[in-house]
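Trainee: As a plain string of letters, each chain reads:
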Amino acid sequence: AQSVTQLDSQVPVFEEAPVELRCNYSSSVSVYLFWYVQYPNQGLQLLLKYLSGSTLVKGINGFEAEFNKSQTSFHLRKPSVHISDTAEYFCAVSESNTGNQFYFGTGTSLTVIP
Amino acid sequence: NAGVTQTPKFQVLKTGQSMTLQCAQDMNHEYMSWYRQDPGMGLRLIHYSVGAGITDQGEVPNGYNVSRSTTEDFPLRLLSAAPSQTSVYFCASRNGRTYEQYFGPGTRLTVT
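Chains as they are written, first to last, in our numbering: chain U, 1 to 114; chain W, 1 to 112.
Check each hint, because a few of them may be wrong.
Sample of chain U residues at the chain W side, in silico, Cβ under 8 Å [to be verified]: (1) Tyr32; (2) Pro40; (3) Gln42; (4) Lys49; (5) Leu51; (6) Ser94; (7) Asn100; (8) Phe102; (9) Gly107.
Rather than coming from a laboratory, the hints here were simulated on the basis of the structure. Just so it is clear, CB atoms sit at the ideal spot from N, CA and C, and this is done for glycine as well.
Start from the sequences, fold in the hints, and give me the full structure.
Mentor: Next comes the structure, spelled out in structure tokens:
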């Protein structure tokens, strides 16, 4: 089974500052990678995904992530955060040969400070 | 187009009771899944289905049953509720081509 590690459980950052949320996964096989956002008392919403091609992927709300195969990482970045970005962020991995099981990290709570 | 719907939103059960969490999607997705979300543990896959009549176990299947008689519906059954099943349950469906998962709003279940 896969394991997905989000090392930072909580990340406080000032408004308009840059942020990076880290994600590492364990698989040695080809994978699909995802970042989801969860606002309080809501379901998860897809921010961005990597299936193949360019290792830098852009998503909604100004977020981007870079796939690094050698480091088995998929870190999420935003150059300037807003108060509305305060939420829980989850990294997820699926093995590309089946794509049927998704493995989620434990989440990173991003708090944007005015 | 409602996406993924779940009922009920909240439920309180006593230990030993059974119930069914309902999930429906109107996007004609073949793949559907159930997750539970617990504090500090992220989402864990309970069961999934790749089409009507086909289901399989995820990471944490014990105590739960599923069936998939139609493309639209994927109910989750708790056979004999236990306090350890207190959690928030999310249903999701996935686009087979883009791999994007769409999540329902969740069911918050408390077992006393």
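Trainee: So, against the hints stated earlier in the document, which numbers end up violated here?
Mentor: 2
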